[in-house]
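Take the given structure of chain A and dock chains B, C and D with the ligands to it, following the hints.
Chains as they are written, first to last, in this note's numbering: chain A, -8 to 132; chain B, 137 to 790; chain C, 2 to 183; chain D, 71 to 354.
Don't read these hints as lab results, they were simulated from the structure.
It is possible that some hints are incorrect.
The following label-pair restraints were derived from C-beta to C-beta distances [as the list claims (entries may be wrong)]:
id, chain 1, residue 1, chain 2, residue 2, range
1, D, E350, B, P390, 44 to 52 Å
2, D, N170, C, R106, 28 to 36 Å
3, C, R106, B, P663, 52 to 60 Å
4, C, P145, B, G587, 47 to 55 Å
5, C, E9, B, A695, 48 to 56 Å
6, D, E72, C, A136, 36 to 44 Å
7, D, N170, B, A728, 53 to 61 Å
8, B, G571, C, K180, 52 to 60 Å
9, D, N170, B, K474, 39 to 47 Å
10, D, E227, B, K264, 51 to 59 Å
Built from N, CA and C at the ideal position, the CB exists for glycine as well.
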Amino acid sequence: MSEGFTPNLIGFFCQWCSYLGADLAGTNRLCYPANIKIIRIPCTGRIDPQFILRAFLNGADGVLVSGCHPGDCHYTAGNYFARRRMQVFKDLLNFMGFDQERLIMTWISASESKKLVKVVEQFNETITRMGPQKQLVLPTR
Amino acid sequence: MPRTGVFVCHCGSNIAGKVDVETVAAKALNFDRVVFSTTYKYMCSQPGQEVIKKAVRDNNLDRIVVAACTPNLHGKTFQRCIKTVGLSPYLSEMASIREHCSWVHTDPDEATGKAIELVRLATAKVRKNVALLPLNIPVTRRALVIGGGIAGIQSALDIAAAGFEAVIVEKEPSVGGRMAQLDKTFPTLDCSACILAPRMVEVATNEKVIIHSYSKIEKITGSVGSFEVQIKKKARYVDLGKCTGCGTCTEKCPVKVDSEFNLRLSTRKAISTPFPQAVPNVPVIDPHHCRYLTLGKCGVCQKVCQAGAVNYEDKDEIIIEKVGAIIAATGYDLFDPKKYGEYGGGRYRDVITGLQFERLINASGPTGGEITRLSDGKTPKTIVFIQCVGSRDEQKGKPYCSKICCMYTAKQTILAKEHIPDVQCYVFYIDIRAGGKNYEEFVKRAQTDYGAVYIRGRVSKLYEQEGQIMVKGMDTLLGEEVEIPADLVVLATAIVPRREARTLAQKIGLSYDQHAFYNEAHPKMAPVENLTLGIYLAGACQAPKDIPDSVAMASAAAAKICGLFSRDFLSIDPIVASVAETCCVGCNTCVAICPFKAISMEIRKDRTGQERQVATVNTSLCQGCGTCLPNCRSRCISLNNWTTDQLYAEVMTI
Amino acid sequence: MSKQFSSENIARLNAEILVKCGVDLKECYQCGKCSAGCSSNWMMDYRPHVIMRLAQLGQRAAILASQAIWVCTGCEICSARCPRGIDVAAVVDSFRQLAVAEDVRYGEHDIPLFHQYFLKETRDHGRVRELPLVANFKIHSEHPLSDFALGPTLLAKGKIKLVDDAKGSGVNDLQELFKLKV
Amino acid sequence: MEYAYYPGCSLHVMSSEYDVSTRAVLARLGVTLREIPDWFCCGASSAHMTDAVLTDALPAKNLALAVKVNQRIAVPCAACLHRLKKTDHKLKNDDALLKNVNESIKDNYQGNAQIKHPLEIIQDDLKTEELSEKITRPLNNLKVACYYGCLLVRPAEAAIDDAENPERLDRLMNLLGAETINWGFKVECCGAGMTLAHKESIIGLAGRILNDAILNEADCIAVACPMCHTNLDLYQDQMDLKRKVPILYFTELLGLALGLDYNSLEIDKHIVPAKGMLLEKGLV
Ligand SMILES: Cc1cc2nc3c(=O)[nH]c(=O)nc-3n(C[C@H](O)[C@H](O)[C@H](O)COP(=O)(O)OP(=O)(O)OC[C@H]3O[C@@H](n4cnc5c(N)ncnc54)[C@H](O)[C@@H]3O)c2cc1C
Ligand SMILES: Cc1cc2nc3c(=O)[nH]c(=O)nc-3n(C[C@H](O)[C@H](O)[C@H](O)COP(=O)(O)OP(=O)(O)OC[C@H]3O[C@@H](n4cnc5c(N)ncnc54)[C@H](O)[C@@H]3O)c2cc1C
Ligand code: SF4
Ligand code: SF4
Ligand code: SF4
Ligand code: SF4
Ligand code: SF4
Ligand code: SF4
Ligand code: SF4
Ligand code: SF4
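Okay, chain A solo, but in the shape it has when bound (with noise of 0.2 Å):
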């Protein structure tokens, strides 16, 4: 743990139901950790894992990608594909010796405000005591 160490938190969030789970966080003046910033994207079945990767690249200490919840996914299959990305990608980090705790990827619906501010804050404490990443990061930043 590292001290007053503050992660770079990135989410990619669909936009159908996570993106909406955050706006209503925001409707009910939910409270999470600022550190955050939260990208809005089609459906998770957009997220390249070079986004991902490239995020880690620029110095992101964290990355969350959420979606529809299975069965949920507003183009019907986006979430599974993501889903089974994902898991390769992951696999693949951890082959790298990547820390792959760092990416995670979770099902909020748009209702599900409460959830949300638990994964975030969760993600969040994950992070803090994991420190600062520094196996993926440009020279220049």
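Coordinates of chains B, C and D with the ligands only, in the frame set by chain A:
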């Protein structure tokens, strides 16, 4: 060279109370290609939009970022705003510094810091935005209405009145929904059948309305403007065209089973219509109980039918309907009180649900309108009503208020008194929710004119003693417990979505909440739309609703659809994929992966005349999910508004 | 006399109970289901939902001095049926424990006394011996002579032993945990 | 099948007939009980009502001692069962608390106990057919009100059956040939630990229960807890009842059905005599 303007909204104190908007605006000027920034109290207001327009004109801006609420609220507002000054709507982005920042973070410095970062991301993305042309897609001017309750019926009639066709798919043998089960209705006490039946006849005879009863949705493909719907018409074993509705078959059929329509308070035959005014007034044979269909014996109904309508060989049938818009009007179910062991868990015969009570007092119900006890057939002299059973209960039921039970309980006390002049009704309630025109007055009448005694408090337990139901409750106003020996207890059970609501939603891509009620696109500004374009909501499938609200919502959904149908072409956001043919290697991966089968292979000849396969996207089928992109090894697919360039730009600025 | 509300008292008691038994008092919406089913409601000065209400409003002293917290049998009917999932019985336990710890003037004489002598038996002998318990308790109670006649029957039936030297020696390790006043 | 046995204070003297009959029927059914040598009082209501530390320390130490005999623990007293199970549940779900408690009890309980009431042992560990084969004196003609009380069914983590309509005891009694009544007081409170501390509670609470059993024409009430027994049995003289109702431990009824000797079950220790009624029904 892009010239971006940044507009930071105060939203009164919603944003400015936490985020230092001036600093955000000042910092924004440092970001790449940002040439202008300002703040305003309410950006979405008319003067706010004028600020944007003026800035675009004065500073020659070609891109804007509005740092305000979520794009889901005002994204469209600002797109329209810049369109009026000649900019493509797609050259705008929003940074959600309200929902994702000022409202969810406590520390002003942190919030300001984050707001700056969010603006940085948005300016990075907008740099890469391009002017897109909206897609014009043809509109099939017919609507599908799923569910033939009062909401579905009303929508269909309104759509038909505007001259368009409406197709109702109803899973039961008859339309009518729950309203057909009710006796009289609050707050006017007119008889449910008297106001519903004419509407049912109207839909049945309206040439613009097609009813597929005893049918269910198998599959829906396509999108707004052109959906294709597969409907399974279940085998009815009675020919809709030949049957005259004479009822002889029902009369003669020897098999009796519990009536679903009468909530097991009576029986029906194996061949039957759910209720006398059914539409269509054609019976169905229940294949699980008919002796002929299960054992090969009987055949009475076929023998007695003079119209020759009974056909034991009938099979399920799949039909296809093409429509341009869909209304979900699937209504509600009732919470099963079995979970309440303290209320007998279904063991006490004289503890019934509110809907069962409606059947009991209904003149065409199982007792011909006599209120009697199921245990001994006696007329109850003391009736206790318990409200909020399964509602407002996070332990055993649902957290929400079911909205209509306060009212129907009041109604039932009035009707009980009208049926049994010397009856005494008691109502256990926690709060009375009677917000509606003449609603509070109605509840007051139940108390003053009909003598219902209202007791504020929940009931803890019911038990049988000496042929009565002992009600152990609390009068919190008195501060003391009360015990009432009741002859009949009526539970106002919670309103819950239809059992199959979730499966149906998954089939058609409707979003729903944690209870499986269907989600409106915006709780205030788009209450009858779903997030999925072209799908609308009516009635109690969205949340507990009474008849006036269901009808209002049904008409609103119909009006929205008529608006959609008023044009030949529909202009929609061109958020679709496209393939750069030159680099496509024809590997077929995307074809297999697209959930909407929007990609197909075509043959192209190159300059040397050689043929090769390339992928092309059918823009009318593509929904813009982007699943195909990461899977293309040659990276030759692009998705409007979420191009790899745009997302990279965002990721690079984190 | 009218009740005095103060934001500090409200916040303090809410926090105190949350720490003590994990119950968020604010969850209670005063439906009264706990009181309706409560075994001892007919003997209480404050019904359970009133205790919850007083607690929500920071009325600590009133609750600690009540008789209700002592006549509660701990049957947990209230907790089992609360629609908000509140462990009301645990809240009542918390108040009894606070009352004992703070040596307030109890709203009921015999019951807390009984608990003290019961635990004294446990502390000193490992197991509860009926005769000394009854004797000690009755001598100090407000009704020393009630059920005097029952004694011989109980003795005759073997429900009370004159000499009971059984020892639960396992309790020896726990001696310093007992904070009894008897 | 072997169990560590925690009789608890009530069964030690006051309700020794429950102890005797429990040991006898379980022995007959092939279940061995090994009494925990140093067991001591679980604290009953008095601990949790007055002292947060003792609430868990007393049960936890007993659990620590018990698992040294056997991880499976048989507890016939509903109050002890309730205390042990509640604490055990907390300890199993809260590592920090487990650590704390272990320090204060100077022991090392691992959260590895399986705590069962004899009713559960008889119904879940043994085969129904085996049990019915051993019945030599079915309880025909006997109308039993099965009374569960509070602590066997609440809260969920300590319960052996449904909180509102438990049926275990009824099932057992039906298996033994007895008729059971449907009544509203199966899970109402009899006054629990107030027996001596506050007689008024018992007269009121147990009185209502007895009256409903009488109203439903029960010959006797079957119980599975020494406190329920005492509260229902002790003060019938002082209550306003149409008649007296014998209160029998389920183990006594089971013992009779299994053909055990009447005297060996020590049923005569009850205040309200049961023998007359049992004779009349041909069960003695
Ligand atoms: C006891 C009780 C008393 C009431 N009294 C009153 C009153 O006095 N006044 C008042 O204003 N309101 C009253 N209401 C409320 C009233 O019943 C509702 O407001 C109204 O029925 C809602 O209409 P709906 O069309 O949305 O739903 P429903 O009536 O439930 O109709 C939905 C229809 O959709 C069909 N359906 C469902 N799923 C599918 C599917 N997957 N595919 C095809 N079809 C499907 C159903 O079979 C049904 O026909 C009462 C409700 C209750 C429970
Ligand atoms: C204190 C308060 C707080 C509220 N908070 C909320 C909330 O948080 N959420 C929520 O959903 N709702 C809230 N509401 C309710 C909300 O204000 C109303 O639902 C909504 O404003 C109704 O809109 P309307 O268009 O029907 O009526 P109005 O807003 O009253 O609009 C009517 C318009 O018609 C004009 N007009 C009137 N007569 C004539 C005439 N003869 N000729 C021409 N023009 C005329 C008026 O000038 C006015 O502009 C709140 C209401 C109050 C009083
Ligand atoms: S644009 Fe959004 S943030 Fe700004 S005033 Fe309007 S609602 Fe509020
Ligand atoms: S099927 Fe034949 S007998 Fe039955 S209602 Fe129709 S016409 Fe009459
Ligand atoms: S064939 Fe079936 S439906 Fe027809 S009368 Fe016989 S049992 Fe009834
Ligand atoms: S409408 Fe009334 S009865 Fe129904 S849940 Fe709401 S408050 Fe309870
Ligand atoms: S974005 Fe790609 S995968 Fe998604 S619908 Fe369009 S073509 Fe199919
Ligand atoms: S995945 Fe890419 S390369 Fe392969 S066919 Fe599709 S567009 Fe062409
Ligand atoms: S039952 Fe629960 S919510 Fe209702 S008054 Fe009691 S504690 Fe409050
Ligand atoms: S635990 Fe106490 S407060 Fe709760 S119901 Fe039982 S006696 Fe009443």
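Problem set entry | N170/D versus A728/B beta-carbon gap, inside 53 to 61 Å or not | holds, 58 Å
For this session: Starting from the range 28 to 36 Å, see whether the pair N170/D and R106/C falls in it by beta-carbon distance.
Result: Given range 28 to 36 Å: holds, Cβ gap about 32 Å.
Problem set entry | Distance restraint hint 52 to 60 Å, applied to the beta-carbon atoms of R106/C and P663/B | holds, 58 Å
For this session: Please test the hint of 48 to 56 Å on the beta carbon pair from E9/C and A695/B.
Result: holds, 55 Å
Exercise. Is 52 to 60 Å right for how far apart the beta carbons of G571/B and K180/C are?
Worked result: holds, 54 Å
Exercise. Do E72/D and A136/C keep their Cβ atoms within the hinted range of 36 to 44 Å?
Worked result: holds, 39 Å
For this session: With respect to the beta-carbon atoms only, verify the hint that E227/D and K264/B lie 51 to 59 Å apart.
Result: holds, 56 Å
Problem set entry | Assessment of proposed distance window 44 to 52 Å (beta carbons of E350/D, P390/B) | For P390/B against E350/D, whose Cβ atoms are near 50 Å apart, the range 44 to 52 Å holds.
For this session: Check the following: the C-beta atoms of N170/D and K474/B are separated by a distance inside 39 to 47 Å.
Result: holds, 41 Å
For this session: Using the Cβ atoms, figure out if P145/C sits within 47 to 55 Å of G587/B.
Result: Check passed, 53 Å falls within 47 to 55 Å.
When held up to the earlier numbered hints, the structure conflicts with none and fits them all.
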